[in-house]
Amino acid sequence: MIKHFPQPFLLLLLSLLIVTSSCKNKAASDQPRKIAVVVSTLNNPWFVFLAQKASAKAKELGYEAKIFDSQNNTALETEHFENAIASGYSAILFNPTDAEGSVANVMRAKAAKVPVFCMDREVNTTDGATSQILSDSYSGCVAIGRYFVEKLNKQGKYVELLGLVSDNNTWNRSKGFHSLVDNYPGLKMVAQQSADFDRNKAMEVLESILQANPDIDAVFCGNDAMAMGAYQALVAAGKAGHVKVFGFDGAEDAVDAIKNGKVEATAMQFPQVMAETAAQYADEYFKGKREFPKKMPVAVELVTQNNVGDYIAYGKKDEGK
Amino acid sequence: MEAIIKLNSQNSIKKYTRSLARFQSLIALFILCFVLSILSDKFLTIDNAWNVMRQISVNICIATGMTLVVLTAGIDLSVGSVLALSGAITAGLLRNGLEFPSANLYVGFTILGAVLAGLLIGALLGVFNGWTITRFKVPPFVATLAVLTIARGLTMLWTKGFPISGLGESFSFIGTGWFLGIPVPVWISGIIVLMAVLLTRKTRFGRYIYAIGGNENASRLSGINIDKIKIAVYTIAGGLAAIGGIIVTSRLDSAQPNAGITYELDAIAAVVIGGTSLSGGKGSIMGTVLGAIIIGVLNNGLVLLNVSPFWQQVVKGFVILLAVIIDKANSKNQ
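Residue numbers (full-length UniProt numbering), protein chains in the order written: chain A, 1 to 321; chain B, 1 to 334.
These are computed hints drawn from the structure, not numbers from a lab. All residues carry an ideal CB built from backbone N, CA and C; glycine is no exception. Watch out, some of these pointers could steer you wrong.
Pairs of lysine-lysine, PhoX-like flavour, derived with a Cα cap of 25 Å [said to hold, decoys possible]:
hint: 1; chain 1: A; residue 1: Lys59; chain 2: A; residue 2: Lys34
hint: 2; chain 1: A; residue 1: Lys244; chain 2: B; residue 2: Lys160
hint: 3; chain 1: A; residue 1: Lys34; chain 2: A; residue 2: Lys151
hint: 4; chain 1: A; residue 1: Lys201; chain 2: B; residue 2: Lys160
Below, a sample of chain B positions facing chain A; criterion: calculated Cβ distance under 10 Å [to be verified]:
hint: 5; residue: Phe43
hint: 6; residue: Asp47
hint: 7; residue: Val58
hint: 8; residue: Lys228
hint: 9; residue: Ala232
Isolated chain A (complex conformation):
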């Protein structure tokens, strides 16, 4: 009998047995509550850091935590939500893939009475998430823009390297920057190109731009990886030190580069603060608290060569461990 049983089917049955039996174990009442950390991508160190800090804080507070990677794919995110809800997670610490597209997922969790706490990026609904702890990209880039204008003395040619053109953050940052810089007619943008938030792409794109515009004064990049790639291109072209580079994020490489005078400035986001606040809120929610700020903006701070000593990668020196 068994001999005639199709082998893949047998395997499937076996794995189902294992899965269901393990589910039963978890359902026992004295197990700690489980928290899902659903993050837009793990293909970028910034989000890896965010996810790890959220998960670590949840574990520190005595919960089980698991990280789900949506791979920048809202459909995959939906699956993660469905799985998390079905397998009895009590809260979701959430970094959405898309402000509009992720709304349905948040509503799905709400319908199942699973609280959602958004980190860094927002979803465009006011009654979906229990609380949204958000990085203020726009005003961060306004601050960068202000420093940019000051550093260039309101005069010069510059290049902007955009992130992924399909990403909300790309345009939030770009708009924030231009809302200030465009008021100065002396500052002329000679090229605006996408480098996909990618270091290698940024280097190659800027290398080509430098061929057409060898006399630029500055480069503004939508994230630090691109700023580092841009710097590398400037080194190769012998223009490092003559062209000012500006980034965004507060990544380790960029903080070091600012210390060494290679990069002018970046905007420090605080992923650890956002991640830990979200985990803290989930803990308070379990203990009965229901009143949370709907939106809690976490300020983005300007890091320059003057104050870089106060900062480390992804945060301030005195913050946390």
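Using the hints provided, position chain B relative to the given structure of chain A.
What follows is chain B alone, placed relative to chain A:
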């Protein structure tokens, strides 16, 4: 006698159309360069030419391996991830060495050692590709798709998701240095192309590659050890992807965990634009080099002209499509 003459003239016509097919991508390249040099006075400069050559050297490394694989009627989707893993292994060993806390042992690596380790990893993944394809008859598309995911995952595990940076001046020579007035990456890719051309044109191994792609069953019946050849080809592709990974890492002075994403598509595009048939048996390394140059020139030109990033993708897609359509029309004529 007449029959022989007829046969001869038919042969020469065939030869003529075939050489025309090879020239067509060259003609396309000339047209492209001509148009770009009219639109931008910065395009046709020696500086920019080196710039383009340096930028495409990584794609040429990968695409050369891809050509060999495609000639056997296979495909290798894993090259981008293999590139990332090899680069990360090299960078990690160079920066941190290997620690075995249990044995209280620390192994440091020289540049040569770290580079060789990266190459070894790339080649091993290639062997693994070849092994699953030949031993378990997994279609190459599926087998290498699996390795694409596996190698990316291993890269994440090795780097913990963070870039490995600060690799030192002497290591960066590989990606940014000059030797006898030519950028080092161009030397590397040039030597690889030269070796691959000799391999495909002058060796028995090369003829077997074409034979397998042309007709696998006939090759098997004529006594070619198909499995061995295929494993060798995927190993070469893995090793070349690793070389690409080391160049990228050195150029950036940093191994990025997300390096090389969609590089397999650029490589396949170069192979296809270069006139190599995806069904195997037909094509050449030099065609692929031309394909890679066309893509590189296009990328460079669109940025020089400050074309919007949205339009760039549309244009690139159409160029690939056009190349394949012309190729199809040509192979029908033959």
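Check your understanding: Failing hints, ascending?
Key -> Result: hints 2, 3, 8, 9 break, sorted rising.
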